[in-house]
Amino acid sequence: AQSVAQPEDQVNVAEGNPLTVKCTYSVSGNPYLFWYVQYPNRGLQFLLKYITGDNLVKGSYGFEAEFNKSQTSFHLKKPSALVSDSALYFCAVRPSGGGADGLTFGKGTHLIIQP
Amino acid sequence: KAGVTQTPRYLIKTRGQQVTLSCSPISGHRSVSWYQQTPGQGLQFLFEYFSETQRNKGNFPGRFSGRQFSNSRSEMNVSTLELGDSALYLCASSLETGGDTQYFGPGTRLTVL
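Taken in order, these protein sequences are the chains called A and B.
Here the numbering used here is used: position 102 in the first sequence is 102, and no number is missing along the way.
Here the numbering used here is used: position 110 in the second sequence is 225, and no number is missing along the way.
Looking at chain B on its own, in the form it has when it is part of the complex (with noise of 0.2 Å):
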């Protein structure tokens, strides 16, 4: 079964731009996270997808948003980027919620100059 893929692996932008990612989960699971990681904050709870509802939602402003899919696939949106928002962004997904195993991916690399 293949696992959580993301795309694009590596993204750079400038201060203002808008940025969207994507994340498509191992086949089956129907939800789907997203952190974010840098060296500073470490990993960080962006929001959870359920059956393409929003679940959860961690301490972010609100450029960053998301969404999911019919078919379970999820994007996240960053707009009016800046510096701060260079990071690792993590997507990870499960079965269910709750106790459910979250598998992670690759992750995004975004660098904001």
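Same shape as in the complex, but just chain A (with noise of 0.2 Å):
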């Protein structure tokens, strides 16, 4: 079964600041990776994915995310954060090949951006 890491509760980081927001991955063969941000009280909003091809991802509202096959790593980062950026993020997973599982998301890291 796969599975996915999001080490940090919490990330603060100031206005202006880059920022990044870590995740690491379990899978069997390869990954399907994702990002979604949560507002309160709403559903989940897609930020970018990896499926194939070039290991540096670009999605919405300026974020990226950098596939690393040997480190199982696919952290979200982005090179000025903004106050309205900060939200719950959810790092998700699903193995190319198919399977049983739908998405298997972490447990969600909450982004704080300090004006």
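Don't read these hints as lab results, they were simulated from the structure.
Certain hints may be false.
As the list claims (entries may be wrong) - Listed below are the simulated DSBU-like cross-link pairs for lysine-lysine, each with C-alpha atoms no more than 35 Å apart in a straight line: (1) A:Lys107 to A:Lys58; (2) B:Lys172 to A:Lys69; (3) A:Lys77 to A:Lys58; (4) B:Lys172 to A:Lys77; (5) A:Lys107 to B:Lys172; (6) A:Lys77 to B:Lys116; (7) A:Lys69 to A:Lys107; (8) A:Lys107 to B:Lys128; (9) B:Lys116 to B:Lys128; (10) A:Lys69 to A:Lys22; (11) A:Lys58 to B:Lys116; (12) A:Lys107 to A:Lys77; (13) A:Lys58 to A:Lys69; (14) A:Lys22 to A:Lys58; (15) B:Lys172 to B:Lys128; (16) A:Lys22 to B:Lys128; (17) B:Lys116 to B:Lys172; (18) A:Lys22 to B:Lys172; (19) A:Lys107 to A:Lys22; (20) A:Lys22 to A:Lys77; (21) B:Lys128 to A:Lys58; (22) B:Lys116 to A:Lys107.
To be verified - One side only, chain B facing chain A, incomplete, derived with CB under 10 Å: (23) Val119; (24) Gly157; (25) Gln159; (26) Phe160; (27) Phe179; (28) Leu205; (29) Gln217.
Glycine included, each C-beta is placed from N, C-alpha and C at the ideal position.
Reconstruct the complex from the two isolated chains, following the hints.
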């Protein structure tokens, strides 16, 4: 079975500074990897995904993520944080070879951007 | 294009009752997945439907069931509700399965008293 680890419950960053939200995964075979963001009392909004190809993936709102197969990581990054980026971020994985599961999510990381 | 819609948005039930939640996917999407979100367990996969067939199922008891209709709309049903079923139930739709992006609805907040 697959799993996702988001080692930080909370990340604090000053506005204008770069941010990184960490994600490592475990899956049989090659992964499909996703990042979602959730605002209070809302559903999940898709940010970006890695399917195959270029290891650096660019997504919505200036976010990007780098797929590192040897480290089984898919960290989310943004060069300059905005206060409006404050939210709950989820990393998710699914095996590309199919299987009995849907998306497997990490526990989530609260990102707090301080003015 | 309209997003994923879920009805009702809020629901209060008592233990032992049953409940049905509804999900309308984005137009043209044929796959619908359901997830349960709780503070303790986080986001957990319930099941996935594609072209009216259940493709995958998560590790939930048989009290949790679902179906998909020919227009891709989906319902999930929980029978004999327990206090622990209180959660945000999220529906997501995608064009097909596999690596296709799942787009989520706003969720149904179920409270079991």
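Against the structure, the hints:
no.	hint	verdict
1	A:Lys107 to A:Lys58	holds, 23 Å
2	B:Lys172 to A:Lys69	holds, 28 Å
3	A:Lys77 to A:Lys58	holds, 10 Å
4	B:Lys172 to A:Lys77	holds, 32 Å
5	A:Lys107 to B:Lys172	holds, 20 Å
6	A:Lys77 to B:Lys116	holds, 29 Å
7	A:Lys69 to A:Lys107	holds, 21 Å
8	A:Lys107 to B:Lys128	holds, 27 Å
9	B:Lys116 to B:Lys128	holds, 33 Å
10	A:Lys69 to A:Lys22	holds, 14 Å
11	A:Lys58 to B:Lys116	holds, 23 Å
12	A:Lys107 to A:Lys77	holds, 18 Å
13	A:Lys58 to A:Lys69	holds, 17 Å
14	A:Lys22 to A:Lys58	holds, 16 Å
15	B:Lys172 to B:Lys128	holds, 25 Å
16	A:Lys22 to B:Lys128	violated, 38 Å
17	B:Lys116 to B:Lys172	holds, 29 Å
18	A:Lys22 to B:Lys172	holds, 28 Å
19	A:Lys107 to A:Lys22	holds, 12 Å
20	A:Lys22 to A:Lys77	holds, 9 Å
21	B:Lys128 to A:Lys58	violated, 43 Å
22	B:Lys116 to A:Lys107	holds, 31 Å
23	Val119	holds, 8 Å
24	Gly157	holds, 5 Å
25	Gln159	holds, 8 Å
26	Phe160	holds, 4 Å
27	Phe179	violated, 14 Å
28	Leu205	holds, 6 Å
29	Gln217	holds, 6 Å
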